[in-house]
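K.L.:
As they're listed, the protein sequences go chains A and B. Residues 1 to 320, numbered by the numbering used here, are exactly what the first sequence covers, in order. Residues 321 to 560, numbered by the numbering used here, are exactly what the second sequence covers, in order.
The hints are simulated quantities; they were obtained by calculation from the structure and are not laboratory data. Wrong hints could be hidden among the right ones.
[Unchecked claim] With a cut-off of at most 30 Å between alpha-carbon atoms, the simulated DSS-like pairs for lysine-lysine come out as follows:
#1 B:366 x B:341
#2 B:347 x A:142
#3 B:341 x A:142
[Claimed, not checked] Ranges of calculated distance between the beta carbons of each label pair, as one might list FRET restraints:
#4 A:146 x B:390: 40 to 50 Å
#5 A:118 x B:416: 19 to 29 Å
#6 A:188 x B:480: 49 to 59 Å
#7 A:301 x B:554: 16 to 26 Å
#8 A:225 x B:480: 37 to 47 Å
Cβ atoms here follow ideal geometry from the backbone N, Cα and C, with glycine treated the same way.
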Amino acid sequence: MRSETENAPPALEAKNISRLYKSSRRGVSDVSLRVERGEVFGLMGPNGSGKSTLLRVLSTAIAPDSGSFFVGGVDGLKEKREVRARMGLMVDRPTHYDDLTGRANAYFFARAYGMEEAKAEGALAELFEYFDLAEYADDRVKTYSYGMGKKLALIEALAHGPEVLLLDEPSLGLDYTSQLAYQSRIRDLAASGVAVLLASNQVDEVEALCDRSAFLHRGEVVAEGTPEELISRVEGVRRIVATLRNPVEYGSLAEVGGVERVVPEGRDLIFHCEERPGIVADVVGGIVRSGGDIVNLSVQRPNLEDVFVKLTGEALRDEV
Amino acid sequence: MRFDLPDAYWKKDVALFFGRKFALILKLLYPMAIIVPVAASGIPAKYAAAIIGIVAVMAGTFGAGESLTIDLNDGILVRVALTPLSPYRIVFEVLAVNAILDLIQLLPALLIVYLLHPVSPLWMLAATLAVFATLVAANCIGIFIANFTSSPADVLLYAAAILFPLIYLSGFFRNQHPTGILQTLRGFIPFAYTDDALKTVFGLTTGTTLLEILVYPTIICAVIAGAVCLTAPRLLSQRL
Chain A
1 MRSETENAPP ALEAKNISRL YKSSRRGVSD VSLRVERGEV FGLMGPNGSG KSTLLRVLST
61 AIAPDSGSFF VGGVDGLKEK REVRARMGLM VDRPTHYDDL TGRANAYFFA RAYGMEEAKA
121 EGALAELFEY FDLAEYADDR VKTYSYGMGK KLALIEALAH GPEVLLLDEP SLGLDYTSQL
181 AYQSRIRDLA ASGVAVLLAS NQVDEVEALC DRSAFLHRGE VVAEGTPEEL ISRVEGVRRI
241 VATLRNPVEY GSLAEVGGVE RVVPEGRDLI FHCEERPGIV ADVVGGIVRS GGDIVNLSVQ
301 RPNLEDVFVK LTGEALRDEV
Chain B
321 MRFDLPDAYW KKDVALFFGR KFALILKLLY PMAIIVPVAA SGIPAKYAAA IIGIVAVMAG
381 TFGAGESLTI DLNDGILVRV ALTPLSPYRI VFEVLAVNAI LDLIQLLPAL LIVYLLHPVS
441 PLWMLAATLA VFATLVAANC IGIFIANFTS SPADVLLYAA AILFPLIYLS GFFRNQHPTG
501 ILQTLRGFIP FAYTDDALKT VFGLTTGTTL LEILVYPTII CAVIAGAVCL TAPRLLSQRL
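Work out the full structure, taking the sequences as your base and the hints as a guide.
P.N.:
This is the structure:
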């Protein structure tokens with residue numbers, strides 16, 4: 001049994017994938033990755049780094065300029081329909097037939113993936129219940145909120161029991177309870193052997209879910225490893241999170257000695273800093289001089305976002 | 321057979337067609353609003369036949385072209401194409417179901433035409449099949465156009481460019497008694513057989529036989545439908 005697993009091809013393997021858009025010359029360049037059965041692999045990178053392009057190639061939506069990929073050993077360029085049948089897919093901007101009900105949309109996709117009638121109905125009933133959408137299953141999708149549409153797309157991706165899941169920003173727009181439900185489901189699926197490739201900029205989500213992750217920057221993989229391995233690369237870095245009562249002009253805060261970046265997140269200001277004596281006091285002083293009223297302050301261990309900043313000199317999310 | 325839970329592309333289209341009640345009423349009423357007054361009036365038979373033919377051509381071309389373009393822009397059709405369904409089958413179902421739904425829209429008006437202008441049942445059947453062939457051909461044109469369009473406005477533009485010469489050659493208005501190359505070309509256009517069948521319904525005599533109306537458009541439409549299905553991989557690919 002053990003040797004069978006060892007000899008089995010990886011659930012998903014991409015080899016030297018390149019795909020550049022003619023208009024912008026952006027895309028992905030020479031990307032290789034491997035996702036094993038039961039593994040959750042995170043793909044991180046700022047907007048335009050190539051995450052969605054890579055997922056489009058791997059979902060067979062677009063052909064690469066060069067390179068190849070395999071799903072369970074099946075060639076994704078030559079046997080597209082076989083590969084599609086093995087995959088569950090949630091695209092970055094899910095769309096549905098708005099004049100059909102949520103159940104009708106999900107049923108249509110389940111049957112398109114070859115599920116039998118009774119199995120499809122059973123699986124969908126369970127998933128609608130699980131994602132708290134059963135009450136709205138027979139409403140037309142045009143009445144759904146953005147988050148409900150995302151949950152429906154997740155249901156459509158999961159219903160047919162795929163071997164590989166490709167998820168593009170799956171938790172964006174989900175309420176807190178749904179995020180927990182989704183994360184729990186992904187863990188269960190991985191435990192049952194499903195491979196998951198997850199493109200996300202939600203650092204907490206990737207750290208919580210992913211066994212390994214890779215950073216894409218300007219179309220290239222700049223780092224890959226387990227979250228712990230990646231975070232260990234940024235020893236000597238601290239993040240100071242200051243919650244402010246009032247918004248402040250904080251451009252000057254980046255000038256404080258030892259501060260590498262300042263990124264706003266809601267009412268929080270996040271400082272990526274060198275670890276040196278007196279840095280916290282200097283940051284607090286800078287905030288006070290800028291007119292900021294600090295409600296809460298914490299000094300945290302570095303996370304994947306700090307790794308990305310360290311590697312590329314750029315922030316994962318929008319920076320001011 | 322369940323349409324509330326569609327298990328095939330064509331059933332999904334049927335569910336959408338009958339699910340939008342107000343749109344459905346409009347779709348059924350507008351052919352009646354155009355065709356019935358024409359059939360009941362005393363306008364020359366050749367123009368009455370032409371108007372019905374034009375309604376069929378427009379309904380087929382714009383219906384398929386615009387709905388496909390909207391679905392492609394929306395991304396839903398590309399999502400469907402990423403399932404294991406054969407892209408050729410998807411396009412065939414788009415074509416078949418759209419042509420049949422278009423016929424359902426036109427059928428009440430056609431039946432009133434047959435009531436007002438009784439002909440033998442065989443000619444009624446031939447005229448109905450000819451109209452269906454026109455709808456198939458028009459939907460093929462709409463699907464072909466959707467390969468290149470990015471908005472419903474584009475569909476109008478491209479459709480006009482393709483349809484005007486075909487309408488001319490079909491002899492709806494001009495080119496009613498073609499000779500030479502025009503006559504040969506007319507024989508390859510399904511719309512021409514609809515025009516001849518409807519002229520017969522309205523009491524004119526044409527040189528086209530019942531058998532020709534039943535056989536030629538069927539063969540021509542089968543070839544066009546096969547050709548348009550071959551565009552499936554391009555049609556269903558992601559627009560970038």
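K.L.:
Against each hint, give a clear statement of whether it holds in the structure.
P.N.:
Verification of the hints:
1. B:366 x B:341: violated (35 Å)
2. B:347 x A:142: holds (21 Å)
3. B:341 x A:142: holds (15 Å)
4. A:146 x B:390: 40 to 50 Å: violated (20 Å)
5. A:118 x B:416: 19 to 29 Å: Holds: the Cβ-Cβ distance is about 28 Å, inside 19 to 29 Å.
6. A:188 x B:480: 49 to 59 Å: Between residue 188 of chain A and residue 480 of chain B, where Cβ atoms are some 56 Å apart, the hint holds.
7. A:301 x B:554: 16 to 26 Å: violated (51 Å)
8. A:225 x B:480: 37 to 47 Å: For residue 480 of chain B against residue 225 of chain A, whose Cβ atoms are near 58 Å apart, the range 37 to 47 Å is violated.
Hint violations for this structure: numbers 1, 4, 7, 8, all remaining hints satisfied.
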